[in-house]
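Novice: What follows is the residue order along each chain.
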Amino acid sequence: MIYQPETCLVEMKRITKKFAGFHANDQIDFDVRPGEVHALLGENGAGKTTLMNILSGLYVQEEGIIKVDNRKLVLKSPGDAIKAGIGMVHQHFMLVPSQTVWENMILGLEEIPWFLPKQKVIAKITEISRQYGLHVDPEAKVWQLSIGEQQRVAILKVLFRQANILILDEPTAVLTPQESQKLFQTVMQMRKEGHGIVFISHKLDEVMEFSDRVTVLRKGRKIDTVDTATITKHQLAEMMVGEKVAFTVDKPEIERGETVMKIDEISVLSDRGLSAVNNISLELHENEIVGIAGIAGNGQNELCEAIVGLRRPSSGHIFMSGHDLTSSRPKAFISAGVRYIPADRKGTGLIPNMNINENSILKKYWQKPVSKGFTIDWKAVLSFAKAIVDKFHVDTPSLETPVRNLSGGNLQKLMLGRELKDEPKLLVAVHPTWGLDVAATSFVRETILLERTRGASILFISEDLSELVSLSDRLAVIHKGEFMGILDDPASVDLDTIGLMMAGVSYSEVLAGGRS
Amino acid sequence: MEIIVAILSAAVRSGTPILYATLGEILTERSGVLNLGLEGIMLMGAFTGFSFTYATGNPWIGILAAFITGMAVTLIHAFLSITMGANQVVSGLAITMAGTGASSLLGRHYIGQTITGLSPVPVPFLHNIPVLGPVLFDHDPLVYISFFLVAGMTLFLGFTKAGLNLRAVGDSPRSADSVGINVQKIRYLYTIIGGGIVAIGGAYMSVAYTKMWGDLMTAGRGWIAVALVIFAIWHPLRAAFGSYLFGGVTAFQLRLQTAGTNIPTSLLMILPYALTILVLFFISVRQGKGILFGAPASLGQPFYREERD
Amino acid sequence: MNYGVKVEKRLYRPKWVSVLIPVAGLIMALIAGGFFLFLLGVSPFEAYSEMISSSLGNSYGLSETIVKAIPLAMAGIAVMLSFKMLIWNIGAEGQIVIGALATTAVVRYAYVDNSLLMFLMMFCAAGLAGGLWAAFAGYLKARWNVNEIITTLMMNYIALHLVDFFVYGPWRDPASLGFPMTKPYPEVARLYQFFGTRVHIGIIVAFLLGILFYWIFKNTRWGYEIKVIGENPRAADFAGINYVWNVVFVMFLSGAIAGIAGMSEIAGLQGRLQHGFSGGFGYTAIIVAWLARLNPLAILFVSFLMGALLVGGDSLQIVMRLPLSSTLVIQGLILFFILGGEFFRRYRIKIFKRKVK
Chain D
0 MIYQPETCLV EMKRITKKFA GFHANDQIDF DVRPGEVHAL LGENGAGKTT LMNILSGLYV
60 QEEGIIKVDN RKLVLKSPGD AIKAGIGMVH QHFMLVPSQT VWENMILGLE EIPWFLPKQK
120 VIAKITEISR QYGLHVDPEA KVWQLSIGEQ QRVAILKVLF RQANILILDE PTAVLTPQES
180 QKLFQTVMQM RKEGHGIVFI SHKLDEVMEF SDRVTVLRKG RKIDTVDTAT ITKHQLAEMM
240 VGEKVAFTVD KPEIERGETV MKIDEISVLS DRGLSAVNNI SLELHENEIV GIAGIAGNGQ
300 NELCEAIVGL RRPSSGHIFM SGHDLTSSRP KAFISAGVRY IPADRKGTGL IPNMNINENS
360 ILKKYWQKPV SKGFTIDWKA VLSFAKAIVD KFHVDTPSLE TPVRNLSGGN LQKLMLGREL
420 KDEPKLLVAV HPTWGLDVAA TSFVRETILL ERTRGASILF ISEDLSELVS LSDRLAVIHK
480 GEFMGILDDP ASVDLDTIGL MMAGVSYSEV LAGGRS
Chain V
0 MEIIVAILSA AVRSGTPILY ATLGEILTER SGVLNLGLEG IMLMGAFTGF SFTYATGNPW
60 IGILAAFITG MAVTLIHAFL SITMGANQVV SGLAITMAGT GASSLLGRHY IGQTITGLSP
120 VPVPFLHNIP VLGPVLFDHD PLVYISFFLV AGMTLFLGFT KAGLNLRAVG DSPRSADSVG
180 INVQKIRYLY TIIGGGIVAI GGAYMSVAYT KMWGDLMTAG RGWIAVALVI FAIWHPLRAA
240 FGSYLFGGVT AFQLRLQTAG TNIPTSLLMI LPYALTILVL FFISVRQGKG ILFGAPASLG
300 QPFYREERD
Chain G
0 MNYGVKVEKR LYRPKWVSVL IPVAGLIMAL IAGGFFLFLL GVSPFEAYSE MISSSLGNSY
60 GLSETIVKAI PLAMAGIAVM LSFKMLIWNI GAEGQIVIGA LATTAVVRYA YVDNSLLMFL
120 MMFCAAGLAG GLWAAFAGYL KARWNVNEII TTLMMNYIAL HLVDFFVYGP WRDPASLGFP
180 MTKPYPEVAR LYQFFGTRVH IGIIVAFLLG ILFYWIFKNT RWGYEIKVIG ENPRAADFAG
240 INYVWNVVFV MFLSGAIAGI AGMSEIAGLQ GRLQHGFSGG FGYTAIIVAW LARLNPLAIL
300 FVSFLMGALL VGGDSLQIVM RLPLSSTLVI QGLILFFILG GEFFRRYRIK IFKRKVK
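Protein chains in written order, with numbering that gives the first Met the number 0: chain D, 0 to 515; chain V, 0 to 308; chain G, 0 to 356.
FYI, nobody ran anything at the bench for these hints, they're computed from the structure.
Do not rely on the hints blindly, as some may be mistaken.
Keeping only pairs whose Cα atoms sit at most 27 angstroms apart, straight-line, the calculated DSS-like set for lysine-lysine is [stated by the list, open to error]:
| hint | chain 1 | residue 1 | chain 2 | residue 2 |
| --- | --- | --- | --- | --- |
| 1 | D | 191 | D | 181 |
| 2 | D | 117 | V | 184 |
| 3 | D | 371 | G | 226 |
| 4 | D | 330 | G | 217 |
| 5 | D | 123 | D | 191 |
| 6 | V | 160 | D | 82 |
| 7 | D | 385 | G | 217 |
| 8 | D | 330 | G | 226 |
Whole structure, please, built from the sequences with the hints as guidance.
Specialist: Next up, the structure:
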């Protein structure tokens, strides 16, 4: 562990930040030393990103002070933070997609002359790339790059501005296990050069392996800062959650039933007209959870949209209980018993400005008893909505509350309730536990398992590999629109193997000893 | 051949007011703000240009006054759209109404009056080149200024730091904000300057093109400019092409009129508008469903930093 | 002690704000407009009192106000329909005009000596013409995302020129001394006018439309679907609501109602087709719809107010020699203040004491 104690790069003291009625950060102390990797750990909503947004100048704190190199500073804007040597790589990269790498690199830098010195910038980029092992084509347009490459650009951007302190917000969320390894090699290099690195995470394994110290936040408060070497994963988990956490899931043994949906060699095009799904076949059965693992952007979304009828496959067929639904409208799928919980809840699944009543009937408004001929029977709607809210414990002041006022967890419960109320034959769930606190997460998982026992077929997409592996009866791994393999006993397979498959190595190759 | 040169030359003149308006709106939209008040701003520019020229005898004072007036009127839209986050479509329509009404109201005493205004200034040597000469180099100074404006904006957008910042603000305000660019300030700056340039387009109509004032004299050119911005895919060079094309169709149709063809005027007047729809159709179909490629991604959406989902 | 000002998003939107803002906006617009008039050398008090007395102060004025309100209400409802889906149909003007054109064509070429039949034919022709005019732009938008603001606008100008072609040319009334207008409609084609005033049957149509659409949006499945599309097209897709079909259908309806507004104006009021007959009320309808916050019943009320404003403007022209477009300025000002006021619906300003360390 290489650090000089007592000289901190950054000190944050008693930081407090409020948002429309609650404390996102409550009297938090935090510091970073040169040459250390400091993890900021906590559940979604614990306040980690808020704290770092304050440090990087995006937000201004209500109370508390920030000291950089022992000088008290007021960071009113990202520009101030950059000048102080603090750079943040956000979860959603702050890059301009339509511009080139080199243009993104110098965006907002004051010392750049009026006429853009393209060659000089490219030269400097190449130099830094070499120093830290981050390789990108400076003249490429950002939208053409892969997610991993875009992240490299984001990191380069921060290094280009001579940041001393680098903040990485959930950097491995969009990377394969192999790419994550590469990232951490870069992080170690930066550590050797004396930078202070903060990385925000909710993944205990990463934190244990790569950090020197870890600070745990819970519900806006700091629980503790500890040296990573002196603590165990379980202790960290307890600090994060405040109670003993079980790591295993209770999955009852059930034999799978009849085929519910047969997906027969479908290909699906993306919005841009490119191939997103390439000749995929899959059968989904009653009493079964099929998981799909893969890096975001490899065709999962298009596949799911095809399965629920939102996107027509360009070739192939989809059969639901024997009926060919390939060219049917979404309503036909819904009537056939397909339900969908999409990844973006406020975007596709729910209507933020409408209230709970109006949202609850989104999938049902043309069916009795909610509809009577041409009209909607609002009395029936009220009882329908109330049933959902009661059964799924949705916490809300009233049924007339606009849905945008609900928290993430309650939104998810509402959607889940609405989708499951009719005992669907097939449930497609995409990232259903993302962003939820522990209680909501286990509620969702248990509900899904109960549905499985009831006889539903479930297609489950998640970026949490351990969740996928523990919940799925079968696990398919998707890469560039094709299945690299479908594992029949996911729990018995090495996570590394799955990682390789996510990166494009087919299962048979892996078995044949094709480890790169 | 004579006729073709005459039409092309008329196309440049006829297209110039539209070009100014289109260029101004390109600046505005590149920053992410949609300004539909062009017709009202042009009319105010036409009025101010005319009245100040009438009062002082100096057309350049008129043009300067128009520029300032355009900026002042656009300030209202900028404030509503950028700071107050109002619906930009409705705000622009309000500007159109207020500007149209105000110009009629203020201009009621000037109807029928004429001024000397701006006269053509042939460029030495260049105007003698066959074909290109009379088409490009025998116009009044505002036309030449518009040439420089097109070139200048092209260089500005593609090769300068300020241009880069502007594009970033329009395409990804969050990213621009995260590197310390003041998104609101840039939007204000380019919306207002853009509005001033639009007003010059209006002033051109009264001070150089017709040299008189008539009620509602811009006849919808402001709206054509809104369409042309999309046609130009937000680029100054294509804007010039589009403006002169439109000007050409208008000039052509006027020629047909005076040549005494059997096609009635009114039906000919439909040509430019139908053409615009056609062009818009081809661009949209080509770009693919849902994504208008080349458009500033944040167009029409207000930006607030502390938005928490 | 240091004070700071913070702008915060409201958690809930109180009802009183929804009423206060349009009212406050209106008042501020009148004040600003008055100031503008003052700068022009016109006494605002004189102008405003003249406007009010001429439009609401006597029975003739009242009937004139209603007369002006009728097409505004219909066109306002037409505009509201498409706006509710966030389709910016600013082509009401052209749809009105095309409706009037179709009406005149019916009178000219399909004349029947029966009032009721004539009414039905004119009604259908105007509706069909206006509907198709708008549906064209709607289809372009739904299928290929062609910007509807531009297309509907261009269609406006095309419609206006088409009418000009006919009234300057083949349909011109030889007895009109060269003015661009058709022969007056025969009695049979005219709409029944009440009690010797100029208020015609259109008023019943307007009311029916207002009530009909209020009921539709409150209680029917289709109304629900429209609201969903407007709020969140992706969620609508998700719920299986057919975007393309709905956009085209709503645009058709929108244009049809606007066309019928045109018919009612021509057959009910003016009695002949002439250049510029619509006086831009297709654009005024947009303000009406917006001020009424897209609520069908409110549109009826707001169009009455707007009618008063326009009648007042007419009298300003006659009595004080101000051009008709003066009212445009007031309309624009009203919109400005309402737009500004919207801000306070979504956000509130908090003044708080900042602790200084």
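Novice: If a hint holds in the structure, say so; if it does not, say that too.
Specialist: Here is how each hint holds up against the structure:
no. : hint            : in the structure
1   : D:191 <-> D:181 : holds (15 angstroms)
2   : D:117 <-> V:184 : holds (26 angstroms)
3   : D:371 <-> G:226 : holds (19 angstroms)
4   : D:330 <-> G:217 : holds (23 angstroms)
5   : D:123 <-> D:191 : holds (21 angstroms)
6   : V:160 <-> D:82  : holds (19 angstroms)
7   : D:385 <-> G:217 : holds (20 angstroms)
8   : D:330 <-> G:226 : holds (18 angstroms)
Checked against the numbered hints listed earlier, the structure breaks none of them; every hint is satisfied.
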